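There are 2 protein chains.
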Amino acid sequence: MNYLGDETLERLLKRAGSPYAAAEARDLIGGVIAAPEAPDAGAWTALIGSGTELERQLKALRDEMAAAAGGGGRDGADRLDSFRRRLKRRRLDGFIVGRGDEHQGEFVAGRSERLAWLTGFTGSAGLAVVLRDRAALFVDGRYTLQAKAQVDGAAFECHHLTERPPSGWIAGNMGRGQRLGYDPWLHTPNQVARFVAAVGKAGATLVAEADNPVDAVWSDQPPPPIAPVVSHAIAFAGRSAADKRRDVAETMKEDKVDAAVLTAPDSIAWLLNLRGGDVPYAPLALGFAIIKADASVSLFMDPRKLPPGQDGLLGKGVGLKRPEALGPALDRLGRSQDSVRLDLDLAPEWIHGRLKKAGAAISPGPDPCQLPKACKNPVELDGMRAAHKRDGAALTRFLAWLDREAPSGAVTEISAARRLESFRRQGEHFRGLSCCTISGAGEDGAIVHYHVTEESNRHLEPGTLYLVDSGAQYLDGTTDVTRTVAIGEPSEEMAERFTRVLKGHIALATALFPKGTTGSQLDALARRPLWEAGLDYDHGTGHGVGSYLGIHEGPQRISKVPNRVPLEAGMVLSNEPGYYKTGAYGIRIENLVAVTPVPAPAEGEREMLGFETLTLAPIDLRLVRPSLLGVAEKAWLDAYHARVRDELAPLVDSLTAGWLGEATRAVG
Amino acid sequence: MNYLGDETLERLLKRAGSPYAAAEARDLIGGVIAAPEAPDAGAWTALIGSGTELERQLKALRDEMAAAAGGGGRDGADRLDSFRRRLKRRRLDGFIVGRGDEHQGEFVAGRSERLAWLTGFTGSAGLAVVLRDRAALFVDGRYTLQAKAQVDGAAFECHHLTERPPSGWIAGNMGRGQRLGYDPWLHTPNQVARFVAAVGKAGATLVAEADNPVDAVWSDQPPPPIAPVVSHAIAFAGRSAADKRRDVAETMKEDKVDAAVLTAPDSIAWLLNLRGGDVPYAPLALGFAIIKADASVSLFMDPRKLPPGQDGLLGKGVGLKRPEALGPALDRLGRSQDSVRLDLDLAPEWIHGRLKKAGAAISPGPDPCQLPKACKNPVELDGMRAAHKRDGAALTRFLAWLDREAPSGAVTEISAARRLESFRRQGEHFRGLSCCTISGAGEDGAIVHYHVTEESNRHLEPGTLYLVDSGAQYLDGTTDVTRTVAIGEPSEEMAERFTRVLKGHIALATALFPKGTTGSQLDALARRPLWEAGLDYDHGTGHGVGSYLGIHEGPQRISKVPNRVPLEAGMVLSNEPGYYKTGAYGIRIENLVAVTPVPAPAEGEREMLGFETLTLAPIDLRLVRPSLLGVAEKAWLDAYHARVRDELAPLVDSLTAGWLGEATRAVG
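So the sequence lines, in the order shown, correspond to chains V and R.
Read left to right, the first sequence gives residues 179 to 846 (this note's numbering).
Read left to right, the second sequence gives residues 179 to 846 (this note's numbering).
A portion of the hints provided could be inaccurate.
No copy is singled out in the list; a pair is fine if it fits within one copy or between any two copies.
To be verified - Below, computed lysine-lysine pairings styled on DSSO-like, alpha-carbon distance capped at 27 Å: (1) Lys470 - Lys379; (2) Lys494 - Lys431; (3) Lys693 - Lys326; (4) Lys738 - Lys326; (5) Lys534 - Lys379.
In case anyone wonders, no lab produced these hints; they're calculated from the structure.
The model shown is predicted, which means the values in this text are computed figures rather than measured ones.
In isolation and in its complexed conformation, chain V is listed as follows:
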């Protein structure tokens, strides 16, 4: 179907009673193109109007616009040069370019990929500082290898975020009287405070630039994304938005705050039982919200994300406002001298500054939705269990397929990842992947957050390990699982280290701990078997996971980094110790677990918690050395595998079921 021109479109729009003229429809479609592709690919047309012919024309226009978009960009060195010229014109001696968007999201829309555009680095976390004559990129341990591969070393020094922190680099490389710019929409007040301290040491000053100079030189930067917003059914959410708003308002009253500014899209999605599609891998609609102590909510979001006349789906007590209305709303909070809760680790400095200027009494503290969102209710937990069965069946079919196909040498990292996705797509309630699949063969497995490309694509070869970290979004839950598989015969070292990783995994899975314990306190349990051999891994052991929301969520975390949030019943976390030998292989065993109350042992005195493992998929026994496992560890492994077999065998084909029986045999 060809696009027949704006005049035809104008006529069809009018006939359908759409509120949009053709030019407006074009604009809206620009936003649709800037959003990731949705599982129901044509659903967005309802945002403009209905009718077979109109829908066809809209899709044709979209395809035409999408084909014309992109291309024509400058190359890397050109970009950095033009960016530096722009800085000079603004009398800036440097600028901080982060990876975050206005919502500190891990997955961001195309227009927010400023760091990738400028440096070439596509990892999910990083920070560049560009000065007049030198520039540096800072990444964490997951990304040091990737950064070196992607970034022009002549233009950017690459540093490890904690070994050579940006603050020290800034203090050492800037001079007295110099001006370092930053975008106050893209950094939190706590980040800005660290920048201020860093430039202060050098005698320089930090300058907020409300319009980002990257945007000024990025000529083909995509517009803000527009994906349809839909309501999340109570059958999955377990609690109505009205009840959640009331709960949150209660805790706000206890904290004596009159209003809270919500800047995290997952908080808003959870609170209002809404889902969107503005960013990859998470069903989020980008926007801001203010909740007041009377439980009323103002949602600041592009109204075009709702089908015309559909803002009723927001519910009574929730008002939809245009994004531009946020500033004046903050001013009003200031004028009425309200006490306003703001999360200084999540909110943009722009909001913080505006509230301060308006005279609001800022009450720094956690976003009041983060903790209740993290503690899943029984309906959400049931959904997680159901989603994990479907997901486990798909992964098991994949693992069985891999065992049949890989020995021939025909499987590649890309073909494996595609095959796994195709099995997942067949599952009920599937809504897309929850992260970019890490499909790492051999030495690629040692790159902790490896992202395969056509250039890096490697065959799975005998005598190597294959690491696959993947997950999916289902209407009833989010999954995230890693398995490491022996292709052919593994070496003794591989098996010994895999077994150590497994011992750490089991230590955490079976941990019993008193109420009040944080994830940081438990982290060492998962590392000890590696430490005993002088080994370790450079990433956290567990992150929170949302309920059909982000694959990474706070406030809980199992990590070396101190975290003061106690684990609470209903929280879902990953349990993912690993081991990586650069240039050789990578090992990770990841299951999701739910924090669950555990009846105290006889004569126990404390209220105890433990973990229920949610993920169901076999752990490769060819890599397990039972002689290195204790009695209790073997018992855990056998019981887990028996459960995997019992739950999944009915859900898979008989060929897979046969393979599963063998893959889950007892080792005890």
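Following the hints, complete the assembly by docking chain R onto the known chain V.
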């Protein structure tokens, strides 16, 4: 010898060439009386002058003055009433009374025991808030039982510091427009920030009162203590004061600070290789210091603590100034716009406020002496090892004595503590106890920081446990050790729980961990064997210990509470898991350990650290159930006991040596 009157004294002072007149000598002696008794009881006379007759008269005057001091105080209710009247006169609606002194010391001089004077509570940490019509005392888990026993419940509510924090209580009990006072000398800037937030929630204000209203109503409050300051020999310190000052100045330059204000007496003692005697249990001279980036130091301290004409012992580049000179010195730092390092967790708000007012650029950060002080040099570590042998021999003689005497029922908590002290006194370099001995029989052992009194004194009885936590100061090191001993036949439950505590102790003692690991990360290893039975303990697992300095020092710590300071080679910590059954018995096994580099295991990849156990004393095998220990745990216990036997047997009498052989028999 009687005191012959001021005229005689005047004559003797003149003849000795003392700079003091009789009235001044009286004043100085008042300070001497306010300091704890020193091991060399008459050494203080050198502060005034020498000569046999003068020294005799000075001692006689001291005894006369000491006998006249004390007594005549008001009782508890009277004190609170008069304090409240004083607050009213100052138009304050309340006041915060802490336990800390101007140096945030754990052990404070008598004049700083304001919390004890006002509330009766004598624990080492606590905070009272006195309002017009109600008052509350906040203590941590170690002290909840003791607080209830010591404090008048009608006058003070007693709360658990973390379950009902003062901030919440203040916010809930104060009203709009009310004024809450505090003494800016006694609270740190970070504490004050929390108070400000708390009163802010109630709409009240926080008011700094430079002269403490407790002092105004405490008529017989002792004066500031005066104990002789002596130099700490390089043979024990291992590094000259000049070298240490240069090292610290180096790190200051790296941090781009021009000066650092030192408010912790142990930092000053370490830096200048000085020791004093102003507070109990730690050889500290109270004072403040400013170190500049050129390594010069100004020490603000009562000059009467040095013998006349002896300030040469401070060394070149160190100037002694009167305490009143501190304020003007801070003003000068401000005027020259110096960047001044201040530890906002250690320094008094008074100093912070004065610096701010003077215009100094405050660089918040850790006291630059704390970390180098914590990392003991090889000479200090050798001293610690030597001190622990002597201390272990004394403790072993005590344990052998206890085993002979306790079954008769004649031993009490007080007589046991005295006996232990008498064995320690015989050791070379002994300078006093390092803490108040916790000598807890039966249910008293469950009071974590039990302090026996004549009223509470209990006999050690068969079928009970006896817990003794004690330590000493030696010129070459500081010790801190806890042993739990079965008196007669212990119950199965006691032995099972003791064995769990021992398993936790061993897990920590044998831990191997990569460089960069903090104590908080290791804490759970010591708790896991208790957690597995639904049990836990409400105190930290390990605190830092000084080298002939404080028995508790930072910045390192092994605790549930997040701590961001990595363990470094040379740090000394306690390893002290426990279990407490209220009303029944207490168990704690405490050894000191030194962090030590460990050669990486074969094929290990990381730089690893571990612990060397310093404390030498048998662990009561009657309480150990070998069936609950793993092979490696039994091996550790047997190797430790073999070492204890080999090291200590040559140092004790033959009766004790025989007992020690039996007490350290192998269980493997």
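Open item on the list: Within, between, both or neither: how does the pair Lys494, Lys431 come out at a Cα-Cα threshold of 27 Å?
Closed with: within (21 Å within a copy, 61 Å between copies)
- [ ] At 27 Å max between alpha carbons, let me know whether Lys470 reaches Lys379 within a copy, between copies, both or neither.
- [x] between (40 Å within a copy, 17 Å between copies)
Task: Within, between, both or neither: Lys534, Lys379 at alpha-carbon 27 Å - done: both (25 Å within a copy, 17 Å between copies)
Task: Within, between, both or neither: Lys738, Lys326 at alpha-carbon 27 Å - done: Cα proximity of Lys738 and Lys326: one copy only (25 Å, versus 38 Å across).
Task: Up to 27 Å CA-CA - Lys326 versus Lys693, copy category - done: This pair counts as between: shortest inter-copy Cα distance 25 Å, intra-copy 43 Å.
Checked against the numbered hints listed earlier, the structure breaks none of them; every hint is satisfied.
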